[in-house]
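This is what each chain is made of:
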Amino acid sequence: MRIRESHIRKIHYSTALGAIGLVALHISVRFSTGHFASSLSYEFVVANYQTLSYAILLELILILVSVHGFNGLRGIFLDYRSGFKYEKMVNWGCFIAAVSLIAYGTATIILANFIELY
Amino acid sequence: MRISGIYLLVFFIVHVIHAASILDRMTWGQMLFLTYSPTGFVVLSVMIALGTFHAINGIRLMFQQGGIGIGTPTRPDYPYRIQSMGKKNRLCIYVTMGVSALALYFALDVFF
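Protein chains in written order, with the numbering used here: chain A, 1 to 118; chain B, 1 to 112.
There's no promise every hint is true.
Claimed, not checked - Facing chain A, from chain B, some residues (calculated, C-beta under 10 Å):
#1 Gly5
#2 Gly29
#3 Ile48
To be verified - Computed footprint of chain B on chain A, listed as stretches where at least three residues anywhere in the stretch have a Cβ under 8 Å from a Cβ of chain B:
#4 20-29
#5 62-69
#6 99-109
For the record, the hints were derived by calculation from the structure and aren't laboratory data. No residue lacks a Cβ here, since even glycine has one placed at the ideal position from N, Cα and C.
When you get a sec, could you build the whole thing from the sequences and use the hints?
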């Protein structure tokens, strides 16, 4: 499947705008507890993962930042060299890396929901 | 933009791997030692500053690629001036740097 470069650009911009808002929200939650250290306590972080709205927020950040980041990296690599084989390698490399990171992060979010706090 | 982008991507990958340690209480505790170290605080502060710069400058570039703020095309006469990098754009970049410096100051103030 081939996607037009202009469409990829639109995806790049929309993921950027989405990520700005959501990451700002994520960072503000870390600072909103009064003390940074307490926001990273094991119980607080697990409770974050087990709150549905926050888990959705984390999943969205994971997808948006991964797509935006690896697409940006793809652009940097393609600016330095060209060639059919090289471009194909970079495109697939970045796609696989983004999917792997999303899968890894999603697994963490799902598995964190099975932790039992006592 | 590229330096900040690569820094943020590397930080994000490490952050996702680091976050997976939540699945084991002991590992999470050990990982927090890295976060609470001075190096960890500096890495986080630089991330906040570079993230702010990357976001604001990225929005400026979006407008530029949409044709907003790049001026009208003129005949290139000596002394050559880059039309797309006028006073307003330079000012935008300086303001972005200022806001990023403020973000860095705020982050360092919170962490240290």
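Structure-based check of all given hints:
Because the closest C-beta pair between Gly5/B and chain A is about 5 Å apart, less than 10 Å, the hint holds. Evaluation of the Gly29/B hint against chain A yields a held restraint, the C-beta minimum of about 7 Å falling below 10 Å. Here the hint on Ile48/B is kept, as its CB sits about 7 Å from the closest CB of chain A, short of 10 Å. For the stretch 20-29 of chain A, the stated coverage by chain B holds: 3 residues have a C-beta nearer than 8 Å to a C-beta of that chain, and at least 3 were required.
Judged by the Cβ-Cβ criterion of 8 Å, the stretch 62-69 of chain A is covered by chain B as claimed, because 4 of its residues qualify and three suffice. A stretch counts as covered by a chain when three or more of its residues have a beta carbon under 8 Å from one of that chain; for the stretch 99-109 of chain A and chain B the count is 5, and the coverage holds.
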